[in-house]
Amino acid sequence: MANETWSTKSWTLTELSQILGGEVFGDGNLVITAPATAKSSNPNGLAFAESAEYLEIAAHSGVGAVIVPLSTQNFSKPTIQHEAPRKAFGALLHLFQTPYLLTESIHPTAIIHESATIHPSAKVGAYAIVEANAIIAEGAEIFPHAYIGENCAVGMYSKVLPHAVLLRKVTLGSHCEVGPGAVLGHSGFGYYWNGEKHVAIPHVGGVEIQDHVDIGALTAIDRATADNTTIQEGSKMDNLVQIAHNVDLGAHSVLASQVGIAGSTVIGKGNVSGGQSGYAAHLVIADGVSLAGRTAALSSIEKPGVYGGIPAMPIREYRRNLVVQKELGSVMQRLKELEKEVERLKGELS
Amino acid sequence: MANETWSTKSWTLTELSQILGGEVFGDGNLVITAPATAKSSNPNGLAFAESAEYLEIAAHSGVGAVIVPLSTQNFSKPTIQHEAPRKAFGALLHLFQTPYLLTESIHPTAIIHESATIHPSAKVGAYAIVEANAIIAEGAEIFPHAYIGENCAVGMYSKVLPHAVLLRKVTLGSHCEVGPGAVLGHSGFGYYWNGEKHVAIPHVGGVEIQDHVDIGALTAIDRATADNTTIQEGSKMDNLVQIAHNVDLGAHSVLASQVGIAGSTVIGKGNVSGGQSGYAAHLVIADGVSLAGRTAALSSIEKPGVYGGIPAMPIREYRRNLVVQKELGSVMQRLKELEKEVERLKGELS
Amino acid sequence: MANETWSTKSWTLTELSQILGGEVFGDGNLVITAPATAKSSNPNGLAFAESAEYLEIAAHSGVGAVIVPLSTQNFSKPTIQHEAPRKAFGALLHLFQTPYLLTESIHPTAIIHESATIHPSAKVGAYAIVEANAIIAEGAEIFPHAYIGENCAVGMYSKVLPHAVLLRKVTLGSHCEVGPGAVLGHSGFGYYWNGEKHVAIPHVGGVEIQDHVDIGALTAIDRATADNTTIQEGSKMDNLVQIAHNVDLGAHSVLASQVGIAGSTVIGKGNVSGGQSGYAAHLVIADGVSLAGRTAALSSIEKPGVYGGIPAMPIREYRRNLVVQKELGSVMQRLKELEKEVERLKGELS
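Chains as they are written, first to last, in the working numbering: chain A, 602 to 951; chain B, 602 to 951; chain C, 602 to 951.
Bear in mind the hints are in silico, worked out from the structure with no lab data behind them. Some hints here could point you the wrong way.
Because identical chains share one entry, a pair is satisfied inside a single copy or across any pair of copies.
Listed below are the simulated DSSO-like cross-link pairs for lysine-lysine, each with C-alpha atoms no more than 30 Å apart in a straight line [to be verified]:
id	residue 1	residue 2
1	640	870
2	870	798
3	937	927
4	798	904
5	937	947
6	904	640
7	904	927
8	688	798
9	678	610
10	688	610
11	941	927
12	610	798
13	927	870
14	870	688
15	798	640
16	640	678
17	640	688
So here's chain A without its partners, still in its complex pose:
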């Protein structure tokens, strides 16, 4: 019953119970047009609830139906009882997902340099530009207004979303996604003082993005002085992230929004960096290191584990540090009083 336009995808509750597994209680003919949260007001939305708290929220919200645990009793709305509601909801999200689509092969307004190579199955959207020596591989999609600069390559089935810029010498692996407005391949930030003014150090290297990497909206990844700035396979980064020249980010890492990594820092595999955290330049960070949000790594980290704070310290110390911060205002006062007291005691004893 689903049709091809994502905005109108729909199934009945009974159909969904057959797709997702589970058993319907209540009106199985209810038409579901969207996944929803427990507090949604959408009468055709399907949410999930695993705890008493969320069952309560869903019971009183406007949501149409709920995926609930097995043997949930006396629930006032149509449900799918399922052994793993959260997992079923995940499958529901996949069901309703629709990819970004380019409808034409190469839009007549796209400007492709004569030396560029575009695979016949690739697509290039309206007002997109593909410059000299660029290569667009099989199944790749360049969305409207994107700019693929000289000597850039977009790998198989990768997507470059609207307004993204691959400026120069950027190689994108397969199955990557570059978010709207992201800028890859801009010159690294390095200058020397010639006695009179700052002179830019030429950045003649590139950017290597390996397979299955996602890059958020408005994220910047600079090209290297020499060789490449490298994002290893499977890494994901959120919006407004800064990756400086010659950084090497390990495979399967996850960078939350507004993270910054300064020049030439090498980060191991499986890194997780919380929002607004950052790394100083020229550090070496071991595999399996994670930073809590807002953490600043000011020196290299050799042991895997979770770190937090300014400067980065093991998370356990950071948690204690956070507790003390709130009492810090009183510390100086207490210290002064103790010093006075001890001075007095010394006087009495002399």
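For chain A, the structure is supplied; the task is to place chains B and C on it using the hints.
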């Protein structure tokens, strides 16, 4: 005497005194072509000065004329004496303001999908793109290079400035402004590990921007997993702000530059967040909470008030914390000395 | 032997030794196609190594040849022995550098307002837009998709890279570079509460960028309330930087990525601001002040020097502060124990 091009708007000082209220002293025929600051070098600029300090600055700068308090004596330049100089200057700014204007209805290079709906009074600029099922309401203006994606709606009299992207399923209320390069409706940042690699959680929700919301340049607002990421009416945000999926920002809130709000956090009405402050994920922040610049809210906040620091603490505690930070280097030393001293005293007493 | 396409620039090692100075040891006919790092795997790359550590790395990597100090002994690869390897490598980078180039004068898809002035030697790329009263000076280059708004001026030999926006009343000096996606001239962020909602304060000023300024990708510089937001000559800023309305940044300053400067703050000459550092509004910062990464200047700074921390303190204090942070978790415990101990001692003495 003002003409229609903002760059050449001008009035004489006398004309301005009639418009703004107040009385001219000195040359009323002086032509004013721009509001100016007290230290301006513009001989046709009109500044304001309320304090002795700023009167002094204005007297010695190159600015042409000054709005001053009533009965200001012996001032060397033409003035408008006014009972509320700052307020009069605010009115002057409004007088010289000119809106961004699109000159044509729909620019011939704009690309509008056949299923999109554009109100006859709306305008669409050069190289702008409006995708499938998008709706552009009465009086709305889509500026050059803007991208209005599938299933997006732009409300009445809203402006989408150059290079802004509404990627998918973004609903903009009336009288909103989206800054240049802002990206709304990109996928939220969520992954699960399938044992082999990170897999993106589909984000099938949207973004709801209510009426009278301003969004800064290069700000990112992600779409929800399900339902909407919501910015309630009258809220204003500065440049380079990050709003993650499923955030709900209360009405009439003000977010300064580089603020980040992590996923699913709900913020009450009248929030004010200082520059570079941030919120962890899944928090609930009460109405009337403000954060000082650089603050990190790591847990929910139930009481209205101003908070500061990492972690966020009541502003009074934070101010004491800031004072102690500068002395912290000596604390360990003093603590060690005290411990030694007390140990010695104990020895003497035993 | 070098040809004109940067992607295929090449010289033999002997040719390079003649250009850079120094003496070849080993195969002088080796063709060098790129500067490289010591750890590169490029057999036609030329790296430099000054220390035993880097000589070791280069000896075991795949890099083809190395610039080494005079009288380096027994090195296994072709080398250029040079009295200053790092300096020679810098010259090598300049040799391989190629400027961004626009091939046509004014691309047929560029849209130029009839009131705009374009110097005959200037170039305007595909889909770029130049609005009313804009001026593009001699040798200036406006890259594809760039937007030059009303009353903007681009100085001699300045480059505005793809997707950059000069929204309104932005004056760019000569020899500047504006990075991809940067937004200059958006309205400053200021509102007043009218009892019912936030009302925008009109920003009728502009942005003045003086000569030899570089602006990073996705950096935002807002226009002033009145007069100009000013970036003085020779200053350089990295990606994702925020400069608010009416800021005045001193000459030859260097701002690393994700720095934020709040409204009306005046910063002296020769400033260096580390990554993710920030300045509160309305501060006055002396000439010659630098901030370490992540520092927050919350009040004016009168003395030149390096500062760090939150709030900014002299770097020496900050370094001690950083050391204490890691021990802070134990401070409260030790303080409590001391208080108990002193109380006990007092009891014994009374």
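So, against the hints stated earlier in the document, which numbers end up violated here?
none
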